[in-house]
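Asker: Listed below, chain by chain, are the residues.
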Amino acid sequence: MSIAPPANPALLDIRDVSKSFGSVEVLRSVSLKVTRGEVVTVIGPSGSGKTTLLRCVNFLESYDSGSIRIDGKEVGFRETGTRQRRSERDLAKMRAETGMVFQSFNLFPHLTAAGNIMLGLRKVRGKSSAEARQIAEHWLGRVGLAHKADSLPAELSGGQQQRVGIARAVAMEPKILLLDEITSALDPELVGEVLEVVRSLAEDGMTMVMVTHEMAFARDASSRIVFMADGGVSAAGPPAEILGADIDNERLRSFLARFRASHF
Amino acid sequence: MLGQIAYALPFLAQGFAVTLWVSLLVVVLSLVAGVMMGVGLVYGPTPLRWVVRIFSDTIRGIPILVLIFFVYYGLPAIGIHLESFWAAVLALTLFKTAQVIEYLRGAVGSIPKGQSEAAMAIGLTFRQRLAYVIFPQAFRRFLPPWINGVTDAVKGSALVSLLGITDLMHAINQVIGRTYEAMPLYILGAVIYFAVNYALSLASRRLERRFSFIRE
Numbered sequence: 001m002s003i004a005p006p007a008n009p010a011l012l013d014i015r016d017v018s019k020s021f022g023s024v025e026v027l028r029s030v031s032l033k034v035t036r037g038e039v040v041t042v043i044g045p046s047g048s049g050k051t052t053l054l055r056c057v058n059f060l061e062s063y064d065s066g067s068i069r070i071d072g073k074e075v076g077f078r079e080t081g082t083r084q085r086r087s088e089r090d091l092a093k094m095r096a097e098t099g100m101v102f103q104s105f106n107l108f109p110h111l112t113a114a115g116n117i118m119l120g121l122r123k124v125r126g127k128s129s130a131e132a133r134q135i136a137e138h139w140l141g142r143v144g145l146a147h148k149a150d151s152l153p154a155e156l157s158g159g160q161q162q163r164v165g166i167a168r169a170v171a172m173e174p175k176i177l178l179l180d181e182i183t184s185a186l187d188p189e190l191v192g193e194v195l196e197v198v199r200s201l202a203e204d205g206m207t208m209v210m211v212t213h214e215m216a217f218a219r220d221a222s223s224r225i226v227f228m229a230d231g232g233v234s235a236a237g238p239p240a241e242i243l244g245a246d247i248d249n250e251r252l253r254s255f256l257a258r259f260r261a262s263h264f
Numbered sequence: 001m002l003g004q005i006a007y008a009l010p011f012l013a014q015g016f017a018v019t020l021w022v023s024l025l026v027v028v029l030s031l032v033a034g035v036m037m038g039v040g041l042v043y044g045p046t047p048l049r050w051v052v053r054i055f056s057d058t059i060r061g062i063p064i065l066v067l068i069f070f071v072y073y074g075l076p077a078i079g080i081h082l083e084s085f086w087a088a089v090l091a092l093t094l095f096k097t098a099q100v101i102e103y104l105r106g107a108v109g110s111i112p113k114g115q116s117e118a119a120m121a122i123g124l125t126f127r128q129r130l131a132y133v134i135f136p137q138a139f140r141r142f143l144p145p146w147i148n149g150v151t152d153a154v155k156g157s158a159l160v161s162l163l164g165i166t167d168l169m170h171a172i173n174q175v176i177g178r179t180y181e182a183m184p185l186y187i188l189g190a191v192i193y194f195a196v197n198y199a200l201s202l203a204s205r206r207l208e209r210r211f212s213f214i215r216e
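Read top to bottom, the protein sequences are chains A and B.
If you read the first sequence in the UniProt record's numbering, its first letter stands for residue 1, the second for the next number, and so on.
If you read the second sequence in the UniProt record's numbering, its first letter stands for residue 1, the second for the next number, and so on.
Just to be clear, a hint being listed does not mean it is correct.
Derived DSS-like pairs: lysine-lysine, alpha-carbon spacing no greater than 30 angstroms straight-line [to be verified]:
id, chain 1, residue 1, chain 2, residue 2
1, A, K127, B, K113
2, A, K127, A, K175
3, B, K155, A, K93
4, A, K123, B, K155
5, B, K113, A, K175
6, B, K155, A, K73
To be clear about the criterion: a stretch of chain A counts as covered by chain B if any three or more of its residues have a C-beta under 8 angstroms from a C-beta of chain B, and this derived list gives those stretches [what the hints assert, rightly or not]:
id, region
7, 41 to 47
8, 168 to 179
9, 229 to 236
Just some of the chain B residues that point at chain A, by a computed CB distance under 7 angstroms [claimed, not checked]:
id, residue
10, S110
11, G114
12, A118
13, I122
14, F126
15, L130
16, Y132
17, A199
18, S201
19, E208
Note that these hints are calculated values from the structure, not bench results.
Just so you know, these numbers come straight off a predicted model, no measurement behind them.
Don't be surprised by glycine CBs; every beta carbon is placed ideally from N, CA and C.
Isolated chain A, as found in the complex (with noise of 0.2 angstroms):
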C-alpha cells in the first residue's frame, strides 16, 4: 500500500514540539504548519513562548522533543530517530536555509550595511567579492538604503540598522523568513518604513512567519494568525476569524481586550 503524498507539502512543519527551562514548560506540543508563500503571524501575551518557538525553528534554541521539518528536512537533529544533535557544519548549513531578523537588529557593527550582507554570501554562499557586492546593492536598495551601502551601523538610525537586518536576511534566499518582533524596539515613527519593507517582501511571495505585537499589519498582511497562551497554539485562523468580534476563546478576547486598551 503507497500513501500519496500530500498535495500542497508544508515547508515548515512543527509537530508536538515541547521545551521546557528547567522547570518551566515554555512550549507545550506545538504543532504548526507553514506552507509555501504563506505570512503567518504569531501574536499571545509575552510569556506565552511566541519567540523561543521562532528560535527553535532554526535551532538558536533545542528543544526537548517533537521535530521541526522545513522542506521535509529535520532541522536541527540527524535523522536517525535517536536525537542525535546534527554536527556544527551541518546545522550551519540548514540554518542558512532560513532567515532571521532580530528585535535588537544585531548588526555587525565592524561592517558596514554593505558587509553586513556580504559576510554570508561569501563565507557561506561563496561568492565573490564583486558578485556579493552586486548582491548586497540590489537588496539594500530594496529597502532603500542605496546611499548607504558603505555606512557602518552606528551611522544609521533604527529603522535603517533593521531595514539592513532583512536585507541581511532576505539576500541569503532563505526557504522561509523568521522575523521576531522586529519593530519592538523601534521608536513609533520608525515602525512604518521597516513594515513596508516586509510588506512587500509578502507580495513577492516570501514565506514568513513573524512574532508581532503589531495587531494592524497581522490583520493586513498575514494569511494566518497564531494565537499563542502558556506555550501552547490556543487558536489559529485567517484575520478575520481570529480578530473578529465573534470568536469562541476566552483567553484570546482578553487578550484582545487588553491590547486595545492599552494601544487606543
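The hints should help you fit chain B onto chain A, whose structure is shown.
Answerer: Same frame as chain A, but now just chain B:
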C-alpha cells in the same frame, strides 16, 4: 669608567638579545595557548571549562618566581629535565598563558550574545563566527590589557637570570661584578628596558586608534 662600560657593551648586547628572545618566545607561545584555552573556557563543554578554570586560577595564584623554581628544580623529581633556558621559558609562558586566558574571556564576554546568534542565523560555522564576527570585535578590548601583559613579559624575563641564564639583567650583574660600577650600569639597564616597553606602548596606542572606528 665609561671605557669599561663601552668594553662590556657587546656582552650586554648579547644579554639584551637573550632578553628579547625569551620575551618573544613567551609572548608568542602564551598568545597561542591562551587564546585556544580561552576559547575553551568561553565556548567549551563543561569539563573543559573546569580544566581551564582550574589551570588559570592555580597558575595566577602562584608567585612567578615560585613557578620558575618549581619548573626547574621541581619537575626533575617526576622525570622532566629541562635546560635552564627552556625551564624559564616554560614557567613564564604558563604564567602569561593564564593571563591571556583571562584577557580573552573578558574581551569575548563583552560581545553581546546577539552577535553570535546573528552569525549563526546566516549559517556561519563556529570557526567562521569567531574569525569574522567575534574576534574582530573582541580585538579592540583584548589589545590594551594584552600589550600591558607584553611589557610585563619583557620586564618579567629578568627573572630568568635567577636560573643563571645570561639575559640583559644577568649580563649587567656580571659586568658590575667586574667593574663595581653599579649605578651607571643599572641606569643603563633601566633605560634599555624602558625603551623597549615605551616603544611597545606607543605601538599599542597607534593600533588602538586604528580600531577605534568600531562603535557600539
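Asker: Compare the structure with the hints numbered earlier in the document and write down the numbers of the violated ones, lowest to highest.
Answerer: 3, 4, 6, 7, 9, 10, 15, 17, 18, 19
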